[in-house]
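Asker: Each protein sequence line maps, in turn, to chains W and D.
Position one of the first sequence corresponds to residue 1 (the numbering used here), numbered consecutively onward.
Position one of the second sequence corresponds to residue 1 (the numbering used here), numbered consecutively onward.
Since the hints were made in silico from the structure, they are not lab data.
It is possible that part of the hints are untrue.
[As the list claims (entries may be wrong)] Here are the in silico distance ranges between beta carbons for each label pair:
| id | chain 1 | residue 1 | chain 2 | residue 2 | range |
| --- | --- | --- | --- | --- | --- |
| 1 | W | Ser29 | D | Gly159 | 52 to 62 Å |
| 2 | D | Glu44 | W | Pro46 | 49 to 59 Å |
| 3 | W | Asn50 | D | Asp221 | 33 to 43 Å |
| 4 | D | Asp101 | W | Glu114 | 37 to 47 Å |
| 5 | W | Glu114 | D | Asp221 | 23 to 33 Å |
[Said to hold, decoys possible] Stretch by stretch, here's where chain D covers chain W in the computed footprint (C-beta under 8 Å, at least three residues):
| id | region |
| --- | --- |
| 6 | 43–52 |
| 7 | 69–78 |
Note that beta-carbon positions come from the ideal geometry of N, C-alpha and C, so glycine has one too.
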Amino acid sequence: MFRCIIAFSFLSLIGAACTGRSLKSVPSSGELFSQVMTFDRFASIPLGVNKNVLEENYGSFKTEMTNPNVPGETYWILRDPRTGYQKAALTFDDRTQSLVTKLWVVGAEEAEQEPETARKRFKTAHFILIDLPSDNPHLLYGEKLLVDEKNGITIEIDRDRSEVSAIQWRDPAYRSPARDLGDQKSQYTF
Amino acid sequence: MVFATDKLPKDCKPGELWVHSYGRTQNGTPIWVSSYCRSFPAGERKSFWQNRFKDHLEYWPNPTEKQKRWSLSEREKALRALDGIPSMLWGSKVKAIVRFDRSKDFPNQSSYGGGYIALFDAAFSKEQNLKRLLTHELAHAMWNDFPKDWKESYYQDTGWMHVRLGSPNQPPVMMGRVLGYIQEDGRIRPAEDFANNIEAFLFEPEKLREVTPGAYKWIHDRFGDTFVLR
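Could you put together the complete structure from these sequences and hints?
Answerer: Next comes the structure, spelled out in structure tokens:
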């Protein structure tokens, strides 16, 4: 077995030398993540694409899950292997297996953290600013959102820090069962 | 953003105040200041809150809530309560503590927002634990000012996920863990969950350790053994 590996490696070296190709090592999961998970690449993932198409690039970072309160949807939670923190989420419609929403968590080191920079990334979008009142009596202020309903884009802004926290794309025609769940009146205890 | 030079609250010595990281601009260039411990002499400790009791604010977002003057006894009661709360929670972001008569969401006793803590009449009722109430509001102030990495780390350790429930033009609702909330309203938002867990860590640590071990560990790892009531 050991001998076979040596032989294989040696042949690979010769092969690479003969063809002029450099030897390319398999990237670590951290390297692969930083190659695949850039804002530009993520933004270019088309909504409506089939789940299987995304498996090759994103499958190794995903935790697939469902929510019993939201039947009909499956989520991919994509985590950065270097920190373990979530970097993005993809939502699939179980009926069609197609991508219906995607969410990018904007990191502190990204230019899109600045609201105006994030807005300018969407050249054809027409955002309206929604200054949400708090639905929590303990907290006086809610979030700020830049919303383009027509194109299904939402930029979430952390009010206290004036930073973009997340950017979400959704198929405007898709009505998520999670929509009603999140809109239920919150019940706070005193 | 967390740098190697960042101090955790537990790194501060007794008598020091923890100031967490923040961004600012210097000559037009954005810079990031790592979190640090600063000296907090006894004299300053005494005056820290006294200067923050306000009788009047120019603006308040809830017009039906009426401001009122602090009575001497209420002020003393609040000062005693604050003095018992570990100074790691004494965020310098809290600009003022203000008295109001009745919350628009009665029987709500207190609120936080924009650096202001509101205490309503209900907060001073006999059965109310003012120290616990103020701990909760100070935890809200701390959460609102946390840098992203701290929030992401909290999400990861306590089972919050960036999947949005609800309509796109409504407050974003994150998907939380299924079980393990020390108070039921914690499942609505991470901010409420965090404030409930800080409160429980100080007032019912064994219960928190049992119900939400991830939150207990997260708080303990950062705030350490000295994060206790005085």
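Asker: All hints are to be evaluated individually against the structure, with a verdict given for each.
Answerer: How the hints compare with the structure:
Separation of serine 29/W from glycine 159/D is about 22 Å and departs from the stated range, judged on CB atoms against 52 to 62 Å. Between glutamate 44/D and proline 46/W the C-beta distance comes to about 57 Å, which sits within the given range of 49 to 59 Å. As the Cβ distance of asparagine 50/W to aspartate 221/D is approximately 41 Å, the hint placing it in 33 to 43 Å holds. The hinted window of 37 to 47 Å between aspartate 101/D and glutamate 114/W holds, with their beta carbons roughly 41 Å apart.
Between glutamate 114/W and aspartate 221/D the beta carbon distance is about 31 Å. The supplied range of 23 to 33 Å therefore holds. Restraint check on the region 43–52 of chain W versus chain D: 0 residues with Cβ-Cβ distances below 8 Å, three needed, restraint violated. With 3 residues having a Cβ less than 8 Å from any Cβ of chain D, the region 69–78 of chain W passes the three-residue criterion, so the hint holds.
In this structure, the earlier hints numbered 1, 6 are contradicted, and the remaining ones agree with it.
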